[in-house]
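**Q** Protein chains in written order, with the numbering used here: chain A, 1 to 145; chain C, 1 to 148.
Honestly, the hints are just simulated from the structure, not real lab data. Note that the coordinates shown come from a computational prediction; the quantities given were computed from them, not determined experimentally. One thing to keep in mind: the hints can contain errors.
If the Cβ cut is set under 7 Å, some of the chain A residues that face chain C in the computed set are [stated by the list, open to error]:
no., residue
1, W13
2, L27
3, G105
4, R109
Using N, Cα and C, we set each Cβ at its ideal position, and we do this for glycine too.
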Amino acid sequence: MPRVSRWYVRTAWAHFLVAITWGALLLTYKAWPGLGAWVWRLRGWHIEALLVGWGTQMILGVLFWWLPKLPGGVSRGPQAPVWLAYGLLNAGVAAVVVAHTWGWGDGLRWGRALEMLAGLTFAVNAWPRIRPLVRAPARPRRTSP
Amino acid sequence: MPRLARLYLKSAFAYLLLAFTVDGLALLPGLRARPVWAVVRPTWWHLFLVGWVTQMIFGAAYWMFPIVGHGPTKRGDERPVWAAWGLLNGGLLLRTVSEPWQALHPGGLAAAGLVAAAWLQWAAGVAFVVHIWPRIRGWYRGPRPREA
Numbered sequence: 001m002p003r004v005s006r007w008y009v010r011t012a013w014a015h016f017l018v019a020i021t022w023g024a025l026l027l028t029y030k031a032w033p034g035l036g037a038w039v040w041r042l043r044g045w046h047i048e049a050l051l052v053g054w055g056t057q058m059i060l061g062v063l064f065w066w067l068p069k070l071p072g073g074v075s076r077g078p079q080a081p082v083w084l085a086y087g088l089l090n091a092g093v094a095a096v097v098v099a100h101t102w103g104w105g106d107g108l109r110w111g112r113a114l115e116m117l118a119g120l121t122f123a124v125n126a127w128p129r130i131r132p133l134v135r136a137p138a139r140p141r142r143t144s145p
Numbered sequence: 001m002p003r004l005a006r007l008y009l010k011s012a013f014a015y016l017l018l019a020f021t022v023d024g025l026a027l028l029p030g031l032r033a034r035p036v037w038a039v040v041r042p043t044w045w046h047l048f049l050v051g052w053v054t055q056m057i058f059g060a061a062y063w064m065f066p067i068v069g070h071g072p073t074k075r076g077d078e079r080p081v082w083a084a085w086g087l088l089n090g091g092l093l094l095r096t097v098s099e100p101w102q103a104l105h106p107g108g109l110a111a112a113g114l115v116a117a118a119w120l121q122w123a124a125g126v127a128f129v130v131h132i133w134p135r136i137r138g139w140y141r142g143p144r145p146r147e148a
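All chains, full assembly: derive it from the sequences and hints.
**A** Right, dumping it as structure tokens:
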């Protein structure tokens, strides 16, 4: 697994751990409302972390790893857009989380815009790689003298 | 595909079927507008997202992520993955029963069941991350069994 994919996948699992912790607290709150109404404010964070922070980020990380390499079969293409997409996506998730949890009105707009830019930036790398897998011709076997 | 991955994927497909059956039933004339759908809807979402999507991702990740060695233990310690499967499915089934029950008749056993379901699913997630974290790495280039 290439380094940039490892960053995506590790960050995705970190979001996952946060999301399931908030999810468990939300479900506990349904049973014990005495836990405090503050728990319900974590709902937006739970959903965002699970669907974008974990699901989408995991898909992008694995896509960079698994999509066919460029013609020649050596390069996965330029990595700069993939790193940029990583930053934009996580900044977007953070903005949406702040908007949902602490009521930053513009956060939702900024967050979604950053996430959209992340998708477009990632596509710069991924789009040319969505192509048939062409295997390099097999090397001739060495015959014993 | 290893046995454990097959178990995850088959369970995931069972939840997909269950989720769409519940959703299909809700499309029966007039049922979606009734209060019962509001009670069932959160459970339906989690049957789909936890039972189907999460379980499919767990199974595929366990199968496809880089190995950490060779031989029967090439994917590392499998015990957390078995535990995660049991905890996830036990927790989700418990939730399927206790969440609508708690909504209709709050308190008592329903509330206890819902809290147990919440933390069983949480423990499943943690157990799976414990297994998968060391496998987020480059390809294994260590010694093969013959060379070891």
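**Q** So, as I understand it, the hint says R109 of chain A touches chain C; can you test that by seeing if any CB pair is closer than 7 Å?
**A** Nearest chain C Cβ about 25 Å off; hint violated.
**Q** So, as I understand it, the hint says L27 of chain A touches chain C; can you test that by seeing if any CB pair is closer than 7 Å?
**A** holds, 4 Å
**Q** Can the hint on G105 of chain A be confirmed by a CB-to-CB distance to chain C that is less than 7 Å?
**A** violated, 27 Å
**Q** Under the criterion of a CB-CB separation shorter than 7 Å, is W13 of chain A in contact with chain C as hinted?
**A** Cβ of W13 of chain A sits 5 Å from chain C, so the hint holds.
Violated hints for the displayed structure, listed by number in ascending order: 3 and 4.
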